[in-house]
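Student: For reference, the chains in residue letters:
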Amino acid sequence: MEDIRAYIETGILELYVLGDVTPDEKLQVEEMAKKHPAVKAELDEIGRSLELYARENAVEPSEALRDRVMGSILTNLADDNNFPEKPQHVNHKVVELTARKESNFYKYAFAASLALLVASTIALVNTYSRLKNSNDQLVAMQLQNQHFSNRVNLMDRELTIFRDPSFKLLKLQGTAKTPASVVTLAFSPAKQKVIIDMGNVKLPENDKDHQYQLWALVGGKPVDLGVFDAKTDSTDMKEMKSIALADAFAVTLEPKGGSVNPTMDQMVVLGKF
Amino acid sequence: MSKKHKISLTEEQLVFSLRNHEKIAIEALYDMYSASLFGVISRIVIDTAIAEDVLQETFVKIWHSFSSYSTEKGRLFTWMVNIARNLAIDKIRSKDFKNQNKNQEIENIVNSIDEQRNTVYKPELMGVKDLVETLRPEQKSIIDLVYFKGYTHVEAADELGIPLGTIKTRLRMGIQQLRKHFN
Numbered sequence: 001m002e003d004i005r006a007y008i009e010t011g012i013l014e015l016y017v018l019g020d021v022t023p024d025e026k027l028q029v030e031e032m033a034k035k036h037p038a039v040k041a042e043l044d045e046i047g048r049s050l051e052l053y054a055r056e057n058a059v060e061p062s063e064a065l066r067d068r069v070m071g072s073i074l075t076n077l078a079d080d081n082n083f084p085e086k087p088q089h090v091n092h093k094v095v096e097l098t099a100r101k102e103s104n105f106y107k108y109a110f111a112a113s114l115a116l117l118v119a120s121t122i123a124l125v126n127t128y129s130r131l132k133n134s135n136d137q138l139v140a141m142q143l144q145n146q147h148f149s150n151r152v153n154l155m156d157r158e159l160t161i162f163r164d165p166s167f168k169l170l171k172l173q174g175t176a177k178t179p180a181s182v183v184t185l186a187f188s189p190a191k192q193k194v195i196i197d198m199g200n201v202k203l204p205e206n207d208k209d210h211q212y213q214l215w216a217l218v219g220g221k222p223v224d225l226g227v228f229d230a231k232t233d234s235t236d237m238k239e240m241k242s243i244a245l246a247d248a249f250a251v252t253l254e255p256k257g258g259s260v261n262p263t264m265d266q267m268v269v270l271g272k273f
Numbered sequence: 001m002s003k004k005h006k007i008s009l010t011e012e013q014l015v016f017s018l019r020n021h022e023k024i025a026i027e028a029l030y031d032m033y034s035a036s037l038f039g040v041i042s043r044i045v046i047d048t049a050i051a052e053d054v055l056q057e058t059f060v061k062i063w064h065s066f067s068s069y070s071t072e073k074g075r076l077f078t079w080m081v082n083i084a085r086n087l088a089i090d091k092i093r094s095k096d097f098k099n100q101n102k103n104q105e106i107e108n109i110v111n112s113i114d115e116q117r118n119t120v121y122k123p124e125l126m127g128v129k130d131l132v133e134t135l136r137p138e139q140k141s142i143i144d145l146v147y148f149k150g151y152t153h154v155e156a157a158d159e160l161g162i163p164l165g166t167i168k169t170r171l172r173m174g175i176q177q178l179r180k181h182f183n
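Taken in sequence, the protein lines are chains A and G. Using UniProt numbering, read the first sequence as starting at 1 and increasing by one per residue. Using UniProt numbering, read the second sequence as starting at 1 and increasing by one per residue.
Since the hints were derived computationally from the structure, they do not count as laboratory data. Hints may contain errors.
[Unchecked claim] Which residues of chain A face chain G? A partial, calculated answer using Cβ under 7 Å:
#: 1; residue: Ala54
#: 2; residue: Arg55
#: 3; residue: Pro61
A virtual CB, placed ideally from N, CA and C, is assigned to each residue, including glycine.
If we strip away everything but chain A, and leave its shape as in the complex, we get (with noise of 0.2 Å):
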């Protein structure tokens, strides 16, 4: 009881009263006064003594007001007997939902927008995934085309040497050194050329420092015809330097970019007409 009289001796009632507490000092007071009847009465005694105190300073509004509140109050009543549940009710539902209509539905656009922006982000990382295998596939058959386009190139030089008559083809034979060894070339007087066959040399790949070199024997001498590379996997027809006119050919090994005279012991093939 002592606890109660010192409470309500702070003055917070007085100013519950007043409206000028906080939202927490409120609930407070309210609370207290549902516990304590002694609370509840002091404040109705004050709420009563402040309620007289504004009647003795009250002020006659114009007698117009009058019909002018009950107007915009009665007509809203009107409206809301029409409705069949309780007007009281309704009527703030309607208030409540035309605010939150409003955000609604910018809560909806939001999430509208989002699962749109989600739906074109899968849709175009489709699209792309898509593109990109279209342009690989491309990509792979234009290389195949490009390779069949070069061996079709190819076979109708092949063709075209093998069909010549002035062409005759010669079979340069592995040397003691290197028995296995075998290059065909194709040789045209008329027409001053030496085509080896890529196709079908069979000598040992060179490293990279020492390349073949292929010589043509005419009256005893040696005659430089240029160099080329043994690998296993070319197929091309390699036009060496013209010569009109040659006894034998023979392939050396030599230092990377060929030597002016053959290097003898490093002949590996030899063929003679």
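Add chain G to chain A, keeping to what the hints say.
Tutor: Below, chain G without anything else, positioned relative to chain A:
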């Protein structure tokens, strides 16, 4: 004053019929409390026309948010006067109101405020003579600032240059005096 008889109900009847949205309830409410509420509003909003707008808004708000009132929270008038005071303060702080005031000439403001002050203080002069004697001036000024003008007690302490503790004590003592006076 009005042509019709003013309607008066007990607070209990009034609360009951307000809950049921009965037409008679709002009429009784207006007849019983409009002048008291207008007394508070017109001390905050000096312009009579605007003060009447606020009074109208007050009754509309009371009518529509009556479900949030409960007798446990205190007297009906306490609840209503807080609504009226808050709406009045909102009004004078609103943009429209401030703009309106800017449009007046300075000399005119002095005149119009003097005029309006007279009407505002008239009832006080008429009705509260004996009350003024029971309430000490320093108590009255604080109660009026907080109750009628809508100051917080902190603002009132600033305005009057008095410590917060003293403000609270004087408020409480003043209201004690009022209780004695009305009993």
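Student: Return the numbers of the hints above that this structure violates; sort them in rising order.
Tutor: none
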